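Chains as they are written, first to last, in the working numbering: chain A, 1 to 370; chain B, 1001 to 1370; chain C, 2001 to 2374; chain D, 3001 to 3374.
No lab work stands behind these hints, which were simulated from the structure alone. Do not take every clue at face value.
[What the hints assert, rightly or not] Which stretches of chain A does chain C cover? Using the computed rule of at least three CB atoms under 8 angstroms from a CB of chain C, they are:
(1) 240–250
(2) 331–344
[What the hints assert, rightly or not] Some residues of chain C that are not near chain D, with every Cβ distance over 12 angstroms (derived):
(3) 2003
(4) 2115
(5) 2119
[As the list claims (entries may be wrong)] To give an idea of the interface, some chain B residues facing chain D are shown, with a C-beta separation under 8 angstroms as derived from the structure:
(6) 1033
(7) 1259
(8) 1260
(9) 1266
(10) 1268
(11) 1272
(12) 1283
(13) 1290
Here the structure is a predicted model, which means the values were calculated and not measured. Where a beta carbon is used, it is the ideal one built from N, C-alpha and C, also for glycine.
So you can see what is in the structure, the chains are spelled out below.
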Amino acid sequence: MKNIIGIILNVDGEDTSLRDFLEHRSLSTLPFGGRYRLIDFTLSNMVNSGISSIGVIGSHKYSSLVDHLGTGKEWSLSRKTQDLSILSGTSNNRIGGLIKINLRNLQDNRAYLEHNSGEHVIISTPNLVTSFDFKNAYDIHLNNNSDITMIFKKDDPRYNLLDDDIYLDFNKNRVSGIHYKKSRVTNHFFAEMFIIKKSVLLRLLDLSKITGDWDLMEMIQANVDELRIYGAQHRGYIQRVNSLESYMTSSMDLLEFEIMQELFLGKKTIHTKIKDNHPSLYCDSAHVYNSIVGSGCIIHGTVSHSILFRDTIMHEGSHIQNSIIMQKCEIGKNVSLNYVVMDKDTIIRDNTTLMGRPHSPIVFKKGSVI
Amino acid sequence: MKNIIGIILNVDGEDTSLRDFLEHRSLSTLPFGGRYRLIDFTLSNMVNSGISSIGVIGSHKYSSLVDHLGTGKEWSLSRKTQDLSILSGTSNNRIGGLIKINLRNLQDNRAYLEHNSGEHVIISTPNLVTSFDFKNAYDIHLNNNSDITMIFKKDDPRYNLLDDDIYLDFNKNRVSGIHYKKSRVTNHFFAEMFIIKKSVLLRLLDLSKITGDWDLMEMIQANVDELRIYGAQHRGYIQRVNSLESYMTSSMDLLEFEIMQELFLGKKTIHTKIKDNHPSLYCDSAHVYNSIVGSGCIIHGTVSHSILFRDTIMHEGSHIQNSIIMQKCEIGKNVSLNYVVMDKDTIIRDNTTLMGRPHSPIVFKKGSVI
Amino acid sequence: MNTECVAMLLAGGQGSRLGSLTFNNAKPAVLFGGKYRIIDFPLSNCMNSDIDVVGVLTQYRPYILNNYIGDGSAWALDQVTGGAHILPPYMGQKGGRWYSGTADAIFQNIDFIDRFDPEYVLILSGDHIYKMDYSKMIAFHKKQEADLSIAVMDVLMEDAHRFGIVNTDDENRITEFQEKPEEPKSNKASMGIYVFTWEVLKKALLEDAGNRESEHDFGLNVIPMLHENNKRIFAFPYSGYWRDVGTIQSYYDANMDLLDSTCDFDLTDRSFRVFSNNMSRHPQYLGPEAKITNSLICDGCIIFGEIEHSIISHDVIIKKNTVLKNAIVHTGAIIEDGAILENCIIGSRARIKGDTRFIASETDLMPIIHVINS
Amino acid sequence: MNTECVAMLLAGGQGSRLGSLTFNNAKPAVLFGGKYRIIDFPLSNCMNSDIDVVGVLTQYRPYILNNYIGDGSAWALDQVTGGAHILPPYMGQKGGRWYSGTADAIFQNIDFIDRFDPEYVLILSGDHIYKMDYSKMIAFHKKQEADLSIAVMDVLMEDAHRFGIVNTDDENRITEFQEKPEEPKSNKASMGIYVFTWEVLKKALLEDAGNRESEHDFGLNVIPMLHENNKRIFAFPYSGYWRDVGTIQSYYDANMDLLDSTCDFDLTDRSFRVFSNNMSRHPQYLGPEAKITNSLICDGCIIFGEIEHSIISHDVIIKKNTVLKNAIVHTGAIIEDGAILENCIIGSRARIKGDTRFIASETDLMPIIHVINS
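With these hints in hand, go ahead and build the complete structure from the sequences.
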C-alpha cells in the first residue's frame, strides 16, 4: 500500500444539533466512545490497511486536531518519513445541504498531492464509525484499472441517510449511474470513502478550476460513462455521525457487544492519543452495567446503558442512564440523569435531576456548571 | 521556571516586501540562517531558560507551523506533559501599522491560560533573531513584585525601529512612561518580549472585553502609574525580521563571526526540526567562503557572502554572492547571482545572470523556475 | 553538558521471592495496581522532582523492562540531552563483567555519570512503592553540606529488626548504623534512597572496587566505609507511604492498600501523578450482568461477571457467572464462565477454566498464582 | 502479533582491528562518511526494505550505540508494535551468559523472535557499508522455497581466498562452501547476510546449542550443519558497492570512496537514502579565508582553513592557516591555527596543536590516529 496517499477531509458544517460541541473543535475531534475522537476510526483504518502517507485537512479550529494527532506516533506514523501531514483547508465539506465532497480543499493542497510519489488517493470523511480494511477495495481498484472505486453498502437501517446522499447503479461491477436519494433505483449507498487515481483527481481539479464547480459527486455524475468507476462493498458495521441523533445512536450502538467486538476487539484496533490515567475506581456503592467506562473514573453511583469518558467523577446516590458523559465531568450527590449528553469539564451540582428524551437528549456545552 | 507559561504570538501581517515568502506560511516559519525557521529563536530561548509550558499561536496558514513544531520533541518539549500547545488565533498582530500586541489572540486562548498552573506569562513575538535568557528578567520581575516586566534595549543601530515602536522612561528601575518612537525622550526601546502576571493579564483581558480596545501597549500606556512595570535590559544581539530589508540584513549579520558565535556557539543552542541530509559535498571546482551552508548541498561553483540552505545544488561555473538560497534550490551552470533571495524549490536555468541591489534584492517565490 | 543531579536506578534484581511473577521478567517490571509496573513509581518520582537524567541499571531478564522504558517519553524523560538511559552490563576490551553488587553496578558506569558532570548522584532502587519529591532531599543534602544523605522513615519498634537502622544526633547527622539489629537503638529505617555528592561517591567506588574483601554493596560496604572515614552522612526524614514489595505477601498487601480509602497512598491524586507507558486500548466494557464494587479496573477489560475488592489489569476478559473477590488479575487473563476466585493473584495471560473454585481462607497468607506467561 | 520477517542485527563486535576508534565504542557505532555511523547502513536498508522489527544484539561497550539507536525513530523504527529493540546479554534464573558466537547471540534471543511469530529471520551484521533492498532477497527466498538464502557477490578471483566462497548449481542452489580457500572454485563470496526460514533456523539453533564442539558461529557451524542436512540453501546474487570496514585501511579507503565521483556508492542519491540519528546543529560556517575542495563537510563545523579531499564530521573547528588533505576528522576535533595534516584520521574531540606537521607519505598504508575521547 506504499503507492497510496490517504486524505481525510474536513467536514465542519452547519448542523445545529451538534453546534454546542463544535464551538472549539471540528467534527473530526468530537469525543466518541469513552476515549476516542471521531477521526481515530478513519485514521486507524488507513494505518491498519498499510497506508503510511496520510494528509488530514484541518479547519480553522485546528488546535484540538493538532493536539490530538501530534506527529501521529500513536498511530505508528513516523515523523522521520513525514507520514502524517496536517493540511490547511479553506472550505468546508458538508453536513447537510452543502457540497458533499468539496474539491476546493484538495486544490488547496495540490502541492502536497503532487510532491507525494503515491499514484492513488484514498479519500474519506472523518466522521465514520467503522472498522474497514481498504485492501480489498484497493485490489478491486487495481484489478479493474479503475479511475475511481467507491465504497458502498447495501441498505442499512442504522445508517442515517440524507436527501443528498448518493446511490449507485451497477452494470456488472462497474458503476453505471449515480443518483441522489430521492431518485434512487438501487439500495447501494455510497459510504463516503473512495479510491481515485491521482492523475484522474488532478485532472478533475483542473476541470473544477475552469468550470468553478467543486462538487465531486456532481462531476462524477456528469462523467459516469467516461470514467471507469467501480464499487467495493462494505459488509460490516458503519455509522456516520453528522447530527446529535446519529451521535447518540452510534454511541449507544457500542453497548451492543457484537458491535463493540467488531470495532475494537479484532486484530486491528482503533488507535488514539494516549493519556495517563489511573485505573477506574469502582467504590463500595458503585453499580455499573451495560456501559463503557474510560480510565481515571471514580464512581460511587449507579450507571447503566451509558458511556463515561476518562476522568469522570461521580458521587454517592447518583444515577446515570442512557447518557454520554465526556471527560473530566463531575457529577454531584443524588443526581439523576437520563438521556443527557455533556461535553468535557461539566459539573452537575448535588440533587440535580435531568431527564431528556431518546431523540432529544439534554445537551451541555464544555465547562457548563449546572 | 515551572511557574511560567510562554506564549509566542502570531505576527502575520501586511508587509508587502515579504509577501512572496508568506503566501503559504506565516512569518514564524520563514526559513532563516541556513536551516532554521524564525520561531526557532524565540522557542529555543524559552526552552533554554527553563520554560516547559509553551503555547504558540498559529495563523490560518498553520500547516507549515504544525509540520515544523510537531510535538516539540526537537526542543525537548514533551508530549506526555503537554509542554507545547499550538493554539488557534483569530487576529493578527502587526507588521507595520496594525496593533502592536493584540490581546484578542490571548482572549481566544483564555481557557489555555486559566487551565495552566503557571502564575506568570512570558509573551514574545516570533520574529526576533536573538539568543536571550529570560532568567535574569524573571528575577527582576519577582524581586520587584512587578505586574509587567518589559525587555528593552538601549539604542541599537541594527534594530530596524518603526514609528509605532515603543520607548520606555524610567524612574529608578520602574517604567514611568511609554512613548511611541516619534515622541520618545529616552533611547530605551521595547524589544517585544515581556513578562506579565497571569492575574494582571486576565484582568486586562476583562477590561479589553468591556472597552473593545485590544492594544496592549495603549492599555499599558494609559495605566502606567497603576501598574507596577519594570524593565529588564537586553545587552546582546537582537534583530527583528519584519521586512525584506530586515530579513536580508539580519541574515547577513550571521556572516559576522562574533554574531554567529553569540547566537549558535554558546552553551544554549538554537534548536530546530531535524532533517536528514548527507554532509555537504564541495566538489573540485567549488570555492566557498564567508558563507553559511546547510547540509545536503552539492556545490561546484563559487559562493561568497551568502547563505545556502539545505539541499542546494549548484552547478559548474556559477557564482553566488550576497544572496540567500533557501532549501532545495538548483542553480544551473554559469549562473551569476548577486543580491538575490530565492524561496524553496526554485530552479535557475543555465547561463542566467541576476543582479539585485543591496536594499532591493531580487526575490523569487517558492517553486519559481527562471 | 552539566546536570545538577543524575539519578541511577538499580533495576537489575531478579526478585526471586516474587516467585513466578518474575520468572520471565525483572522485578521492577512486575505489574502493580493494575496498570502500573513497579518502576513507574521511582520514574514518576524523578519526573515530579525535575530530575531529567536517569540511568537504569538492568541485568536480569531485561527485555520487558527495556521495551517498557523505551525512550523514556512516558515519564517525559526524552529530552534531546538527558532522558532515560538503559545501562546493561557490557564487555570492554578485557572481557565482560556482570554487576556483582549495587555499588559495582554504579562503579561500572562511572563513565556514564561523568558525561553529565553532576554535583550529585541519586541512587534509587526499582522495588519500592512510594511517592517522593527527591528535589526536597537534594535541597536538604545541599543545606547540610552532606557527603551522603539517606532517606529514613520511622517504622514500628517491633519491626525495626528487619531494617537497616540509623541513629542520628540532634542535627540529623548519622552517628551509627545497625543492619537488621537484634536490639535496635532507634526506629529510623533506611529506605535505600541515597543522595551522594558525586566527587565523594566516585572516590569511594574506586576505593571499594580495589577491595577484594568487599561485596560491592552500598549498605554493607560503601556506606560503612564512608562512615569510618568521618564523611558527613545525614538522615533525610520521610513520612508517608512506602512499601517494599519484595515478597508475594507484601506485594499483595500493597496492591490491596490501593483499595483502602483510609490509606494515605492515593493513585488518584492529580497533584503528584504516577505515569506509565500506556498502550492504546479500548475502554472497559461492562456487560448487562456486570457488578463491580471496591475495585480498580483497567482499560481493555471486558467484564460480564461480579468483582469485589479486586484489581484487574489491562485486557482481562471476565465472563458471565464468575465471582472474583480480593483478587489481583494481571493483563490478558481470561476467566471463563462460572469460575469463582477469592484471595489470589492470577498471572498474565492465564486462562482460568469455568469449573475453577479457588477460595483461599482469609488466614492463607500466600495467595495462589497461576502464571502461564508474562 | 505476526510479522513476516524479523531482522537481527549483530552489533556486539569489538572491532579490535579498528584500533583506538573502538577503544570506547562498539564498531557499529564508529563514525563513517562524516555524519553517519556504520550501523546506519543496515538500519537504513531495513527502513528502505519495509522491515519494521529489528533486534540489535549488543555486547561490547554499547553505551554510545544504545544511545544512538534510542527508540529507533531516526530510521522510522518506532512503531507502536515493532520497531528497534536493543538486546544485550542478560541474566536468567541460572545466571548470565555473554554471547559466545553469532549463532549463540540469536539462540539466546529465540524468545524475542518468537514474540513476533515471523516466517523469516534476516541476519545482518553491523560492520558493512552498502545499500541493499532486503525485500528483494526475501522475495527470492520465498520463490526458491529456500531454507536459507545467502547474499553473495562476485569478487576478484585473486581476492577470493580472503572470503567465504560458495559454489552453486545453475539454479543458484549452493552445492559447496569453502571458507577462505587456498584454491577457490568460484569468485562468489558470502556477504554475511542471511535470510532463514525461522522454523528451520530455530531448530538448527537448538541443535547447535547442544553441541559442545560448536563455536556457535553461523559460518563455521550452523550453515555447514544445514548443508550437511541437505537443507535448501540458495545464493542470492548481489552486485553493487559493498565494503567490509574491519581494518583501519579498509575503513579509510571506504570513506575516501565517497569522494570519488566515479564510485557507484552515492550518499546523495535520494531514491535510496541513508538515515541517521541527527542532533540539531548550526549550519557550517565558512570564514573569509576558507577554501574547500572535493570534501564532505557536516553541520556544526567552523572552517577558516584549507581543506582538500577530506571528510569532516560534526562540530569540528578548523582555524586559520591550516591545511588538511586526504584527512578524516571526527566530531568535535579542533585543529589549531597553523596545523598541516595529510593522509590521516583525527579522532573525536582531538585537539591538534598549531605546530603539528603531519604528512604521511602516500604509500603509508596505516594513517595515524589521534584519539582523545570518542
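So, going through the hints one by one against the coordinates:
no.	hint	result
1	240–250	violated (count 0)
2	331–344	violated (count 0)
3	2003	holds, 15 angstroms
4	2115	violated, 9 angstroms
5	2119	holds, 22 angstroms
6	1033	holds, 7 angstroms
7	1259	violated, 11 angstroms
8	1260	holds, 6 angstroms
9	1266	violated, 11 angstroms
10	1268	violated, 12 angstroms
11	1272	holds, 6 angstroms
12	1283	holds, 6 angstroms
13	1290	holds, 5 angstroms
The structure fails to meet hints 1, 2, 4, 7, 9, 10 from the earlier list, while all remaining hints are met.
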